Every structure is written in C-alpha cells, then in structure tokens.
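Enquirer: Assemble the whole structure, with the sequences as input and the hints as a guide.
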Amino acid sequence: MIRKLRSLIIPGVDKNLLVKDATKLMPDLSRRRFIASGASFGALTLLTGCDVSDSLSAENLLTHMSKFNDMVQARIFNPNTLAPTYSEKDIKRPFPFNAFYAEDDAPNVDGKEWKLEVSGLVQDKRSWTLDELHKLPEVSQITRHICVEGWSAIGSWQGTPLRDFLKLVGADTNARWVHFRCAEDYTSSLDMPTAMHAQTQMTFKFDNQLLPRAYGFPMKIRVPTKLGFKNPKYVVAMEVTNDYKGGYWEDQGYNDFSGS
Amino acid sequence: MSSITAAGDRAATKVTNTKVIQPAWVRVVHWINAVAIVLMIMSGWQIYNASPLFNFTFSSSITLGGWLGGGIMWHLAAMWLLVINGLVYLTLGMVTGRFRKKLLPISAKGVLDDTKAALTGKLSHADLSTYNQVQRLLYTGIIVVGILIVLSGLAIWKPVQLQYLTALFGGYDTARYVHFFMMAAIVGFLVIHVALALIVPKSLRAMIIGR
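Chains A and B are the protein sequences, given in the same order.
Note that the working numbering has the first sequence beginning at 11, numbered continuously upward.
Note that the working numbering has the second sequence beginning at 15, numbered continuously upward.
Quick caveat, the hints were computed from the structure, so don't treat them as lab data.
All clues stand as given, with none of them false.
Calculated lysine-lysine pairs in the BS3-like style (CA-CA distance at most 25 Å, straight line):
(1) B:Lys216 with B:Lys136
(2) A:Lys255 with A:Lys125
(3) A:Lys135 with A:Lys122
(4) B:Lys172 with A:Lys77
(5) A:Lys102 with A:Lys215
(6) A:Lys102 with B:Lys172
Reference listing, derived: stretches of chain A covered by chain B, where coverage requires no fewer than 3 residues with Cβ under 8 Å from a Cβ of chain B:
(7) 75 to 89
(8) 150 to 164
Derived, one-sided and incomplete: chain B residues facing chain A with beta-carbon distance under 7 Å:
(9) Ala64
(10) Gly83
(11) Met87
(12) Leu90
(13) Ala91
(14) Gln177
(15) Tyr186
Owing to the predicted nature of the structure, the values given are computational and were not obtained by experimental measurement.
Every residue gets a Cβ at the ideal spot worked out from N, C-alpha and C, and that includes glycine.
Expert: If you want it as structure tokens, here you go:
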C-alpha cells in the first residue's frame, strides 16, 4: 500500500531507491546536506526527469485527471455566456508581447505573399488572401486576455467572427475540432463549441490598427473564453477535423480545454 | 477502525480518559485534507512562480510539479480531493452537530482570557474533547478561509463562466490576491497548528487513533 502510494507521488520511481542512488552519486558533504534537508518533492520531481513509464505513475494519474477536467470544463462551458467586455480606458498600453520566444524572433510575415490555407471538413477549400479576409464584416471586442501564467491584460481586437467564416466556407460544424497552424509552426486546437462562440474572432486589428507583428500579423485567433496560449498568432492554416491534433503547449501538458 | 471506536465507546462508560475525542470520520477527513492542502499549496507555489504577485518566488525545492504545466496538473487534480473532502467535512460537521457543539459559543472575552492563559502556561489541556476559545476561533476562522480560498480559486479558474463570482471578488486580478492571501492564512494557521499539536502530543494522538 505504502509502496503504491509512493509510486503515485513520484512517477515510476521508488523513493527509497531514488534517494539511495542520488546520495551515492554525491560527495560526502552535500550528501549529508541532502539528507538533512530531506528529499523534497520539488527536488525529486526534477531528479525523475527521465521518466520510467509505469501505468500507475503520478504522471499517468495526472494526465487522466487533466482529461477528466477537460470533460468537466466542456460541460461547464455555456455557449451563450459572453466574456465580460470593458471600455477603452481599461485597455493595457502597451499590451504585453508573450510567446515561447523573444519578440525579436517573432515571425515576420509578408502580408502580400501570405494566404490562409483552409482544409479538412469544409466544402470550400480554397486559400484566402489577406485582402479578401479584410473585406469580411468587422466586429470589435475589448476583453481580458488571461495567460496560463496567471497575469492578465485587457486588449481591443477587431476582426470577423470565426463562426461566420466557418459557415462561409461550409465547414462541418458537427466536427469536433478546429486546428490552427502558425508561421513559426506553433499549433493549437479549439473545440467546436468554442470555435462557434460569438466572441471567437479571426482577428486582423489590435486597438483599431492593423495587427502589428508582435500581436500576430497577419491573423490571430482571439478566444476570450480560453487562456492566452489557445489564442494562436501568425495563423497560416485552419483545419476542421474530428481527429484530435493537440498543440504546441497542449502536447507538453497544459490542460487542453483551458477554458476561462 | 470502527471496531476500535466501538470498543472505545464501551470503555468510555467505565474509564473517562479513554473516551473517543475525535470520531473516525473527523480523523479520516482531517488527514485527507492534510494531504490535499499540502499538494495544493506546493503546486500553487509552482503556479505563482510563473507570474509572481510580489517581489519573490518560492524555491523550487518546496514547489510541486517541476514546471508551470506540472504545477497546474497537480493543482487541478488535488482540487477535487480538497473540495469533495471539504464538502463531506462541512456536511457532516453540520449534520452531526459537531460545529455547534465544538466551535460555539465564541466570545471576544473568552478568546482574550484563553490567549492570556495560554501565554502564561496556565491553559489546561486536561480535557481535549472541549476546544478552548482560541481553538474555536482558529478552527472557525480556518473554515471560512477554506471556503474563501476555494471560491477565489474558482473565480480565477472560470472568470468567464463564473464571472459573477469573479466580480464578487473584485475582478480577476483581485481574486488572485485574495487567493494568495488565503493561502498565506492557511500557511500561518499550519505553523501554529502543527507547533501546538507537537507541544500537546496527546492531541496529535487523538487525531490519529481517536483517543
């Protein structure tokens, strides 16, 4: 029983063996200090970086729980509940840049060359130029962007509702996912109910100006009902699909639904 | 476990000092809560570190999860343990009358008197089945804190779906501060709680074997 519990706490590794192995590798002084300070959770999870796969490991359990949380969140999600909107004065200026790379390394997309690729379960699979997309009806929203890290910032985004575009291209809205691929190979998936939410937007402008490079030129998907990492920038391709294709962060363990 | 309790109950009619101080259900929810709270705090510190509210971060030796994603996984898994166990505790606490019997009444004078007695070493621990006024205040207070930390956590987790709750906490950013300070209150409580349990070891024994 205790063994089982330990293997739940430390993925796939017996705590005693691990501490024994680790202390063997250390010189005397630090070994004593290591034992004195106790084998902390944090240290142990770092030490177990190379995971021995085990059906009862903590990682497995946590992954199952994360999937369970996806299911619960999908149930909680009310398609008619709108994200709170704010006024001009609440807009954060300058709005923070955030990505897994520095701002200087952000994709520099040529808007004249760029085309949005549309594929999967849609009737009209032709690609769209930026000029064509800019002609679509424009809506505006001032909403709160909430990062998975915890910080938040209110921004102003203009573009066309994704659901209108999906109808326009004859997408099968009974499909499960809309998968996005970006210029820097960032990817993310949106569940169809979220893709069809009134405020989910194909965004071409920030604060009524053409979307700057930092915020995702030429096109960002603004999803005020999701955490920031589910709002892809520099989008180059959109696929309607029943196959779950994950995403850059989703594949690394961020909760897939991550709904606000 | 139940046979021990039953035996304890029978013995209690003869010898008063072997009577059950903490019933089995209290002990079970207490220790489940202890595990859940430690997991929530350590994973919460991991999440905090991704975007600190103050000018400090928590050492990685006391955080859980290894990175932000791991911390969130732990936090949103352990929350079920904390909330379900917490609801069982609140329900049984009310249904069995434990809250009424053990935590009430509390008076300002009683708390002051008992604090004074405790600080001068005069507070009696002979009868552990009755909580003194300081205990009543702290245990009632920590229940309120527990409810607030769960509600502020929900407000942060679902600021769109539960936007009225988030608004009640003064908005998303303020709810994060509330969540943090409730954590700080729990950590403060834990320090006192564990220290006192060690100073009066028979109270710890009562929470483990009941008597």
